[in-house]
Amino acid sequence: MVANIISGSLIFAAALLFGALGGMLSERAGVINLGVEGFMISGAFFSAIGANFAESMGMGGFSPWIGLLSAFVFTSLFSALHALATLKYKADHVISGVVINLLAANFTFFLVKLLFDGAADTPRLRNMFAKVNIPVLSDIPFIGDALFRSYPTTYLAFILVFAIGFYFFHTSAGLRLRGVGENPGSIDTAGINVMKIKFWAVMLSGSISSLGGATIVLTTNGNFSFNTIAGQGFIAIAAVILGRWNPYGVMMGALLFGFAQAIKDQIQILDFASAIPTEFFYMLPYIVTLLALIFTGRKTRGPKALGVHYDASVR
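Position one of the sequence shown corresponds to residue 65 (our numbering), numbered consecutively onward.
For the record, the hints were derived by calculation from the structure and aren't laboratory data.
What you are looking at is a predicted structure, and each value in this text was computed from that prediction instead of being measured.
No false leads were mixed into what you were given.
SDA-like mimics (lysine to any residue), calculated; alpha carbons at most 20 Å apart, straight line:
(1) 260 x 236
(2) 195 x 284
(3) 368 x 308
(4) 177 x 285
(5) 177 x 291
(6) 328 x 70
(7) 368 x 256
(8) 152 x 267
(9) 177 x 286
(10) 195 x 212
(11) 260 x 372
(12) 152 x 140
(13) 328 x 356
(14) 154 x 249
(15) 152 x 374
(16) 152 x 371
(17) 260 x 153
(18) 260 x 239
(19) 260 x 242
(20) 152 x 263
(21) 152 x 256
(22) 368 x 242
(23) 195 x 216
(24) 195 x 209
(25) 368 x 247
Could you build all of it, start to finish, from the sequences and the hints given here?
See below:
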């Protein structure tokens with residue numbers, strides 16, 4: 065059971081981690097991103113469409129990867145809307161994010177009905193990601209099967225943590241991005257295009273977040289419906305706050321919430337669980353999220369220029 069909880073925690077955390085890393089990237093550049101839920105919904109939809117198309121074209125073996133790529137590429141449409149609204153037209157960041165969530169949820173549901181003759185969900189995929197064993201490491205007693213036998217997206221999510229960590233703290237480009245979120249005026253004074261950095265951070269933020277939704281479809285669900293994401297984008301945002309906008313802290317936050325989801329599934333199969341309403345178990349990850357924010361929220365501080373519209377003409 066313990067091994068199953070560890071394995072499940074990593075799998076659930078991977079989807080949250082993509083969403084959280086995407087949200088963190090935008091907010092480090094000073095743009096609030098409450099649209100993570102919408103980006104994950106978009107990723108789930110486009111991954112299902114892309115993978116279904118690949119299967120219909122006889123490319124079943126590659127369909128999960130095509131679905132993942134489709135999510136990353138096509139969610140840039142929603143990312144561009146958020147970037148244009150907040151950066152070019154200086155709309156309120158929070159309102160823009162809420163609109164992205166509503167637009168993504170309803171527009172993708174409309175397209176599902178339009179494309180699949182009024183169906184409430186997409187056809188179930190015949191080909192999904194299979195778990196991959198890491199040679200030698202997967203043979204380690206107890207922890208080998210729990211830690212080193214997982215989906216490719218799980219490995220990709222944790223690799224991305226360290227890639228973004230290296231980018232943030234060991235490259236000049238990462239330093240500039242963090243500077244834009246803290247003091248954009250000083251970055252502008254150095255002759256660096258602040259708005260360009262913000263724009264690409266928001267664009268990449270949406271595309272990375274979309275991989276979280278794609279992960280859910282391509283590893284566990286197998287199709288897309290209106291409630292595929294079910295608020296996990298907001299849990300990802302909580303992981304950003306809990307992790308204090310640091311990729312390694314965000315990873316720990318995602319693991320905590322992934323653990324809450326994994327233990328929910330394991331507790332339900334125990335004998336005493338039959339006396340507890342099922343709805344309580346589905347509430348558990350959200351209760352953990354709320355408690356984590358209550359006990360840590362007052363101690364966190366986001367980037368100084370987060371949510372502040374920057375105008376170079378009034379430096």
